[in-house]
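Q: So you can see what is in the structure, the chains are spelled out below.
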Amino acid sequence: MDLGIDLGPHASFIWSAYGMVVLVIGGLIAWLAVDGREQERRLAELAARGVKRRSTVRS
Amino acid sequence: MQTLTQRLANPTRFMELSAQLLPWISGAAAVIITYGLYLSFFVAPPDSLQGETARIMYVHVPSAWLSMAVYALIAVSAFGLLVFRHPLADVSAKAAAPLGAAFTFLALVTGSLWGRPTWGTYWVWDARLTSVLILFFLYLGLMALRSSIEDESLASKLTAILALVGIVMLPIIKFSVEFGNTLHQPASVIRAGGPTIDAALLTPLLVMAVGFTLMFVAMHLKAMRNEILRRRVKALQLAEVERAQGQLAAAE
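Those protein sequence lines, which keep their order, are chains A and B. Throughout the first sequence, residue numbering follows the numbering used here, covering 8 to 66 in sequence. Throughout the second sequence, residue numbering follows the numbering used here, covering 4 to 255 in sequence.
What the hints contain is simulated information worked out from the structure, not anything from laboratory work. Note that the structure is a prediction, hence the values are computed from the model and not measured. In this text, a Cβ means the ideal position worked out from N, Cα and C, and glycines have one as well. Take these hints with a grain of salt, some might be off.
Ranges of calculated distance between the beta carbons of each label pair, as one might list FRET restraints [to be verified]: (1) A:Gly43 x B:Phe140: 42 to 48 Å; (2) A:Arg56 x B:Ala254: 29 to 35 Å; (3) B:Phe45 x A:Glu52: 46 to 52 Å; (4) B:Pro49 x A:Val41: 17 to 23 Å; (5) A:Trp38 x B:Asn184: 34 to 40 Å; (6) A:Ala40 x B:Pro90: 55 to 61 Å; (7) B:Ala254 x A:Ala40: 28 to 34 Å; (8) B:Leu20 x A:Gly15: 46 to 52 Å.
List time: in silico DSSO-like cross-link candidates among lysine-lysine, alpha-carbon distance up to 30 Å [unchecked claim]: (9) B:Lys177 x B:Lys237; (10) B:Lys237 x A:Lys59; (11) B:Lys160 x B:Lys177; (12) A:Lys59 x B:Lys160.
Make a model of the complete structure from these sequences and hints.
A: Put into structure tokens, the structure is as follows:
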């Protein structure tokens, strides 16, 4: 990788470090987004079936 | 008058407030990290001794700071659960553990990649590196312990106790470079007497540290929101099972 920046003879170490950060942080953000959507989908499914918490069930 | 933690004790109120804050904190983190990367690559000069490889510092040091700060947050949350029974304390601790593990992993990997050209080795079993590796295993232990116990209430309490015991690692890591046998340099930013690092290198580092911290806050809020939704799903599934059992019993 270059991007027009001369990082000297150890450039591969620098790019690897930044690449690993992008990979891990990107993975975390993707996991959080997917997990959030999954929980909202499950809640919507339960709501569609008429399931309510005991405190919100009308007697 | 209610304190902030008391006002946030209601998960529904927390969901409303966090939904409003999340886009602003995420946006601020993205802007500040972008600015920090610009400073790191295009403004900061190479280090006089280490040359260009010192640029790894701008992601290594914020990751390392967060690895310890997130553990401190987990310990405070554990205290809040065990002592004050705060409803969101366990949600906070559970949500923070994988994030803390990720930042600790990044601190270890970027440190190794910095170490190879600087020290001539990726890894050495010295006081600083080994104590951070133990912190990483501690994070994994917290997650493994929680997932291995089916009773969620018991799992929360046992995990909280382990988190409080594990806080002993933080001063060990902090002072390992002062008293231990290590290749790692001593503290050059957070130290008595002020930073020893030049302002040209310190400014990008602090900008990246603020950006990483805001990014963690955003990820933590999102992870807490996910965990609250997960608990609502579980409660509703239990209610559905109970309703079905009641109908079955009535039919018999």
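Q: Now tell me, hint by hint, if it's right for this structure.
A: Each hint, compared with the structure:
no.	hint	verdict
1	A:Gly43 x B:Phe140: 42 to 48 Å	violated, 28 Å
2	A:Arg56 x B:Ala254: 29 to 35 Å	violated, 19 Å
3	B:Phe45 x A:Glu52: 46 to 52 Å	holds, 49 Å
4	B:Pro49 x A:Val41: 17 to 23 Å	violated, 40 Å
5	A:Trp38 x B:Asn184: 34 to 40 Å	holds, 38 Å
6	A:Ala40 x B:Pro90: 55 to 61 Å	violated, 25 Å
7	B:Ala254 x A:Ala40: 28 to 34 Å	violated, 43 Å
8	B:Leu20 x A:Gly15: 46 to 52 Å	holds, 47 Å
9	B:Lys177 x B:Lys237	violated, 40 Å
10	B:Lys237 x A:Lys59	holds, 12 Å
11	B:Lys160 x B:Lys177	holds, 27 Å
12	A:Lys59 x B:Lys160	holds, 28 Å
In this structure, the hints that do not hold are numbers 1, 2, 4, 6, 7 and 9, in rising order.
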